[in-house]
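There are 4 protein chains.
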Amino acid sequence: MKGKTMNELKIGDKASFEKTITETDVYLFAGITGDLNPAHINQVEAEKTIFKGRIAHGMLGAGLISAVLGMYLPGPGTIYTGQELKFLAPVRIGDTIKAEAEVVEMIVEKNRLKLRTCCYNQEGKMVIDGFATVMPPK
Amino acid sequence: MKGKTMNELKIGDKASFEKTITETDVYLFAGITGDLNPAHINQVEAEKTIFKGRIAHGMLGAGLISAVLGMYLPGPGTIYTGQELKFLAPVRIGDTIKAEAEVVEMIVEKNRLKLRTCCYNQEGKMVIDGFATVMPPK
Amino acid sequence: MKGKTMNELKIGDKASFEKTITETDVYLFAGITGDLNPAHINQVEAEKTIFKGRIAHGMLGAGLISAVLGMYLPGPGTIYTGQELKFLAPVRIGDTIKAEAEVVEMIVEKNRLKLRTCCYNQEGKMVIDGFATVMPPK
Amino acid sequence: MKGKTMNELKIGDKASFEKTITETDVYLFAGITGDLNPAHINQVEAEKTIFKGRIAHGMLGAGLISAVLGMYLPGPGTIYTGQELKFLAPVRIGDTIKAEAEVVEMIVEKNRLKLRTCCYNQEGKMVIDGFATVMPPK
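Chains A, B, C and D are the protein sequences, given in the same order.
Counting with our numbering, you get residues 791 to 928 for the letters of the first sequence.
Counting with our numbering, you get residues 791 to 928 for the letters of the second sequence.
Counting with our numbering, you get residues 791 to 928 for the letters of the third sequence.
Counting with our numbering, you get residues 791 to 928 for the letters of the fourth sequence.
A couple of the hints might just be wrong.
It does not matter which identical chain is used: a pair holds within one copy or between any two.
As the list claims (entries may be wrong) - Straight line, CA to CA, 27 Å or less: simulated BS3-like cross-link-like pairs of lysine-lysine:
hint : residue 1 : residue 2
1    : K842      : K792
2    : K800      : K842
3    : K904      : K842
4    : K888      : K900
5    : K800      : K888
6    : K876      : K928
7    : K809      : K900
8    : K915      : K888
9    : K876      : K792
10   : K792      : K838
11   : K800      : K928
12   : K904      : K838
13   : K928      : K804
14   : K888      : K876
15   : K842      : K876
16   : K804      : K904
To be clear, the hints were calculated from the coordinates, so they are not data collected in a lab.
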């Protein structure tokens with residue numbers, strides 16, 4: 791398992807990973823991170839919010855982006871140096887989220903790559919937008 | 791459980807959450823996000839990298855930031871709208887990570903808050919730096 | 791993160807923590823404790839009981855009490871010395887349980903505190919009643 | 791799987807369940823219950839306490855008692871009505887804990903049973919003491 795080096799990459803390369811987010815995912819994520827915000831683990835309180843029920847942690851969706859970068863593009867050996875995230879819409883329990891990354895900039899001499907990273911739900915609505923910066927394996 | 795509204799906040803307010811990151815955390819995080827990058831779950835491969843062993847997902851550290859925002863500052867009822875992250879140094883299994891948030895900008899008319907968000911390890915080394923944007927509860 | 795000392799506490803102080811109990815919680819709790827009683831993990835057998843379905847472990851509800859004591863009242867640094875529990879009604883998967891603690895007795899010279907500890911479901915029905923004894927941080 | 795009825799039980803009947811408590815157990819228990827007290831999940835802070843390191847939740851040990859009652863004595867079909875617990879000594883990560891229950895009182899006409907319930911560590915030290923009240927299956 792070795793990811794793509796700078797030479798094997800080009801602008802426009804894309805990869806994605808898709809997963810249905812379960813109640814289990816959200817509850818385990820809450821326990822791991824300590825984010826036991828009622829929005830995620832209290833159905834009664836969450837129903838009173840504008841989201842009308844429990845939602846997944848934004849950072850859980852961001853974790854799917856990390857999966858695309860670390861597993862597929864560039865893949866194993868990549869060093870993750872930065873991520874910008876805009877949380878545009880809630881991810882609900884049961885939503886199927888596709889995280890997608892696309893190479894948008896290559897700084898070859900520094901071995902640095904910039905990727906547009908977006909997450910979409912099963913209706914095609916963008917729920918997270920942003921950019922990642924990584925160093926591909928050498 | 792209700793977080794702080796804009797009126798109850800001021801520039802310089804701080805909160806933090808601290809946790810020892812275990813192998814369990816890293817493995818569950820890998821399963822939840824699908825980021826099964828060998829750097830996180832393959833000790834043999836990870837020993838060959840510059841990190842000389844398995845490291846936690848950067849986004850797991852970012853999850854601790856989410857815990858501070860959602861639990862303490864501003865706390866329950868907060869809507870998380872954006873996050874910038876720079877991954878500065880690896881988090882190793884067994885490291886005790888403190889995530890800290892500090893209010894640095896308040897746009898009262900838009901009910902928007904900007905916080906500096908940093909994670910430190912047990913030696914005081916900054917491992918993540920960045921900024922969060924949130925909407926505190928009304 | 792430091793809890794309240796005896797001087798910072800008074801009779802009548804209250805705190806609570808609330809969570810929707812999921813199937814995941816019950817199944818993980820079963821695995822951790824070894825309590826694989828069919829009442830908790832066998833829907834077919836559980837439907838034949840007076841509870842007409844799987845119920846959460848009583849001790850899982852008691853764990854929420856532990857959360858209130860260890861996180862909020864008195865909070866970090868507290869030593870938990872005893873707990874009496876009466877399990878009054880079943881907690882079902884999907885119930886939202888609020889654990890509440892209230893200071894009812896203070897033995898200052900021994901640094902010991904007694905708290906009434908109750909759990910309620912989303913309909914306000916008391917499901918667990920009892921008393922905790924703790925030593926607040928010094 | 792059916793537990794023992796009142797007729798099949800007598801004073802002095804005993805059963806036990808034993809388990810090595812892992813870091814995973816403690817971390818999952820923290821996430822399930824919301825008890826993220828630094829004593830359980832922060833090695834740096836826990837080292838500063840009288841326990842000199844992270845300890846398991848008292849209620850996790852109590853969960854092993856629940857396992858004995860629900861699995862073996864009286865076993866499946868038992869209704870758990872009450873539990874008194876004294877936390878006598880800390881349970882550390884890696885300790886092997888034996889939970890033991892012994893029938894000490896039988897109120898046949900009310901179908902109620904009282905059991906002495908104790909937990910011991912691998913050195914034979916009692917870490918939890920107390921009494922359970924249950925209704926055996928009919």
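Tested hints:
1. K842 with K792: Between copies, since 17 Å is at most 27 Å while 43 Å is not.
2. K800 with K842: neither (43 Å within a copy, 29 Å between copies)
3. K904 with K842: Close across copies (26 Å), not inside one copy (36 Å); limit 27 Å.
4. K888 with K900: neither (30 Å within a copy, 30 Å between copies)
5. K800 with K888: within (22 Å within a copy, 31 Å between copies)
6. K876 with K928: Between copies only: 21 Å across, 30 Å inside.
7. K809 with K900: neither (33 Å within a copy, 31 Å between copies)
8. K915 with K888: within (10 Å within a copy, 34 Å between copies)
9. K876 with K792: between (30 Å within a copy, 24 Å between copies)
10. K792 with K838: This pair counts as between: shortest inter-copy Cα distance 12 Å, intra-copy 47 Å.
11. K800 with K928: So K800 and K928 pass the 27 Å test inside one copy only (15 Å; across, 31 Å).
12. K904 with K838: between (39 Å within a copy, 25 Å between copies)
13. K928 with K804: Answer is both; intra-copy 20 Å and inter-copy 24 Å each pass.
14. K888 with K876: both (15 Å within a copy, 23 Å between copies)
15. K842 with K876: Within. Shortest intra-copy distance 21 Å satisfies the 27 Å Cα cut-off; inter-copy 33 Å does not.
16. K804 with K904: within (12 Å within a copy, 32 Å between copies)
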